[in-house]
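Chemist: Taken in sequence, the protein lines are chains F and H. Letter by letter, the first sequence follows residues 1 to 275 in full-length UniProt numbering. Letter by letter, the second sequence follows residues 1 to 399 in full-length UniProt numbering.
Each hint can be trusted.
Pairwise CB distance ranges (calculated):
id: 1; chain 1: H; residue 1: G134; chain 2: F; residue 2: P206; range: 27 to 33 Å
id: 2; chain 1: H; residue 1: D162; chain 2: F; residue 2: A32; range: 46 to 52 Å
id: 3; chain 1: H; residue 1: G166; chain 2: F; residue 2: L78; range: 52 to 58 Å
id: 4; chain 1: F; residue 1: T29; chain 2: H; residue 2: M89; range: 50 to 56 Å
id: 5; chain 1: H; residue 1: G166; chain 2: F; residue 2: N270; range: 30 to 36 Å
id: 6; chain 1: H; residue 1: K7; chain 2: F; residue 2: L15; range: 56 to 62 Å
id: 7; chain 1: F; residue 1: I12; chain 2: H; residue 2: D90; range: 53 to 59 Å
id: 8; chain 1: F; residue 1: T29; chain 2: H; residue 2: G134; range: 36 to 42 Å
id: 9; chain 1: H; residue 1: R19; chain 2: F; residue 2: I12; range: 45 to 51 Å
With a straight-line Cα cutoff of 25 Å, these simulated DSS-like cross-link-like pairs (lysine-lysine) come out:
id: 10; chain 1: H; residue 1: K137; chain 2: F; residue 2: K198
id: 11; chain 1: H; residue 1: K138; chain 2: F; residue 2: K198
id: 12; chain 1: H; residue 1: K137; chain 2: F; residue 2: K195
Rather than coming from a laboratory, the hints here were simulated on the basis of the structure. This one's a predicted model, so the numbers in the text were calculated from it and none came from an experiment. In this text, a Cβ means the ideal position worked out from N, Cα and C, and glycines have one as well.
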Amino acid sequence: MSLPKLPLGEWIESLEDWLTGNLRPLFDTIKAIIGAMVGSLEFVLTAVPTLLLIVLITALAYWIGRWKIALFAFIGLLLIDNLGFWSQSMQSLALVLTASILSIVIGVPIGIACARNNAVRNTVTPILDFMQTMPAFVYLLPAVSFFSLGVVPGVIASIIFAIPPTIRLTNLGIRQVPEELVEAADAFGSTPGQKLFKLQLPIAMPSIMAGINQTIMLSLSMVVISSMIGAQGVGAYVYRAVTQAKTGIGFEAGIAIVIMAILLDRLTQNVFKKK
Amino acid sequence: MSILEVKQLTKVFGPDPKRALSLLNQGWSKEKILKEHKLTVGVNQTNFTIEQGEIFVIMGLSGSGKSTLVRLLNRLIEPTAGAVLFNGMDVLRMNPEQLRQFRRKNIGMVFQKFGLFPHRTVLQNAEYGLEIQGVDKKTRTELAMNALKLVGLNGWESSRPDQLSGGMQQRVGLARVLANDPDILLMDEAFSALDPLIRKDMQHELLQLQAKMKKTIVFITHDLDEALRIGDRIALMKDGAIVQIGTPEEILIQPANKYVERFVEDVDLSKVLTAAHVMRKPETITLERGPRVALQLMRDSGVSSLYVMDKGMKLLGVVTAEDAAQAIKELKPLEAVMQVDVPTILPGTLLNELFDMMSTTKLPVSVVDEQGILKGIVIKGAVLSALAGNAIPEAGEVV
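This is chain H alone, in the form it adopts within the complex (with noise of 0.2 Å):
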């Protein structure tokens, strides 16, 4: 379900904005109407939908407006026209009491500056969102510990902020926020101050955080790795507009436009394809069905093995077409011929780490998931027509 639409949302800074608006509807450029209005256009015209509990990923270079998007999503910049529909219900016609509900219910904000009080110690500003609803003091100390828990920081409460490191202060922003249990965080280049080690780690508490807790995030970021990393869904921004909304292979494997193919060009796709994505349909048989059944299988399909699962999509093992004679031969059931010690690996295992495996062994690598369900199998072939950038096959699947 949606919680978040933003249809036409449109910011143009400059005295008397709304001039800009019906020129930007007659197609003129954000450059013609800077050097004819002296009227900047910040957001232009953009539209998405942002899904209950995914990871919404705004991207672009600096100057692309993702800082002002964001900023027009909770009003701490007004926006010049267009619509922000929380639950069905539109932000901007909100009056300032409401407004102020909207920030302290069900949006909140990291920055990338940490934006931590300095006069306040980190459980203060932990408190913070809820001392200013009047929660009361035993409450939010409760709420407030809670959320630094959760964020690795019990033991801190007393420090100040300066007394941090980046990566400890940013946790800090991050616990003012979940102490307020908001619906959304809206995280502006929330890790971009940090230590590139340290963003890497906070990336994946990020993701750990988010699957225990199921928030809509909507995160902003220059860096593309980040967006990979932890974008469900990635919108990719230029000069106040987005150019293409989709999932990280989406953008990857079928870039809207020159734009975005440039952008993502450098990518390291191993680093972000996984074997999900690279997986073919693999030949199969139940075990009961005998030697004959597999050889006269494998004539059929021209393949020399198949995988051999149990009546619930197990994978059990491999067997090759001289197995199969072999049993045919000696009057063998599959079972005793098959070979068991199959490479597998999960759905989710990056190229990258998949290398290794491939290099050492003979038959392709399976693979199953966490209930050893066979899902399907990634031939070499596959793996280096899916690094040079072509088009992924439709991803097989074990019917």
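Isolated chain F, as found in the complex (with noise of 0.2 Å):
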């Protein structure tokens, strides 16, 4: 006995065409924030003369971690910038930092809501789990019909994929603020908003640290894959060295990610730990 198959992919594609058909507006309009975050991201670091924005991270870096950091920032961005792809990195990070930052907007209300609520969280953790393992080509696809070919789409594809982090661990924390805590400003009388500002958000703080770690971290691998659906920037040139076989250059804008990946993370970890 053989049943006929589903149709899921024609139900998928009439759902993709419904919503591209429907909610054109909407779209549009998201489409056109994230383009002038991005946009603006990417003139602002790029109008900085290159030198002195290197020397600003350094003290950046120096400033929030110790002179290992600065040093490493120093001679990292020296090094994208002799190998020829500063304005590209520049790019790239524009998208990245678009994504995270809307993750994290986007998220940790969301996993407020999720320690909140079980039923919420119930609803939200499959979903979760959906987005992460779910290939990022497969919604590509959709993102493109949406947004059509360019950085939006990218940041999109990267916010679907480097969300998860942020609600989980964001989650995370606030349950585990310790129950007694938890009562002590009950029993004092804390409106809800009283009690996450003055005592959950706080304590659960580098758990939610450690969620945006990750989300910029994810979100950063994103961008060779971003790059393939038009997104311009140091992925590019990854995706072409991939297509054309050319290990030297493959490697080389390889390593400015690598760079940039290194950078974020300890500048993130160590913005939290400073406190």
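Work from the hints to combine the two standalone chains into their complex.
Modeler: Structure follows, in structure tokens:
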């Protein structure tokens, strides 16, 4: 006995068509906002003279971390410039920062909602599992049909791939606040908002920051994939090197990504350790 | 005046807990309800009244429901049924805003593991209650500093809680509540996490603070010694129900049932009972009566000595039959023959502090209050009888 194949693929496609046809204004708005964010970040990062920006980032690294991180920042960034990937790296950085900022702005409140309400958490968790395990290429396609080619669908795909750790670790951090502290806050007559801002978020902060750190790392790992749908930047060079089997350029661009990754990781890790 | 009145207060854990209520009314046991309906009776129809200014101890072993019960009073745990009347107002019927105000102004809580906020300094912890009420920075700092001073923590206000010892952390917990100045303090095993010696210090300090502040304190403990030391009244809990409520003496001397009896059987009564519990009424005479009257009184009441007092009932000395006879012979007043170095103690003296004195004196020990007024005498037989656990005769007082 053989059952007919479920037309799952057709359903998905008709859903995609329906969304594209009916939610056009919404997608256009989102596209405009994200495009403007990436554009202005990119403008700022490339308008500043390269050497000045390198010195500024080095100073920031020294202020946040230790001299080792500062030294690494200085040498690493000079190397990127020397290899000729500076402006491409700043394009990628603008994409990563936009995706990360939006992930935090969207993810932390969702994480808080999950921590407060088991029903919300039980709904969100499987969606997050889906988002993290579904191969990223698959949701690139609808992203392109909603937002057309360019950096915006890249940001959207990065957010989908990178937001889960922020949500999960915000939820976890708040749930791990010791019961007695929550009871104490309640016993003194805190409103839910006071409890959240004066107790739960401060105590959950290391956990939330770990999630944000993961989110930034994951969105950086998306720059190559994003380049497949037309996002400019250093990822595009890696992609091109792969398709043209140019090992040398591939490595050069790859090293630029690694340097950015290490820097972003150390800086975000140390931001909350400092306190 | 009663400040808190608890009526039929019940907490059942589990889905649809109201089912258990009618079963409890039909007299089902906790075990049977758990077995047949998978519902846990945490607190079972408790009734008690807490008076303004008293230390009311709720005592029981772990699992007896005492921590649940105390959380029902401020609704950290939502009761299933019953009523908690605070000055006549039912806490269970308060809406969220009223409940918040009740918790802010009227009822504070101190926790077993202190419950201090680790990201805040000692001062910021002490300020928390006032901060969330929107009290301005200057006022709340002042009030919090006063509270810290009260618990002996001045100088530590900018430390973090994890820099302090356990005893000091709990002082912060206490200061945090006191800064709020609530009517009622709930203390959930507040000293149980502390070393025995520090625990004793804290008990002592709590009593000293209480003498100044006259708060109403609901104190939860599993430690009988602690309950006896600080409680004005004690409620003993077992299986979510209150087994007996009474003063420490009542619990010790008239245990309501076998359970209470077993609970208290190891208590060293000499550390609990005071001179006031065992003292008898002495035979007395006022000074201006002569030795002949004294001798006659002794004969009438069959004793060999009398306590001499002035008109204000102040103890002056003791006169024995021989002293009186000598005074008659030598035509002296009582004043000249009475013994004035009578051993005296205060009514609150514990029996175990009394043994030394009793072994070195022939005369019974006199119990006098701070003003020197004679309240009674303690004879050896009464002490032994009380320590043997016999019911104590009517504590005699000089009328």
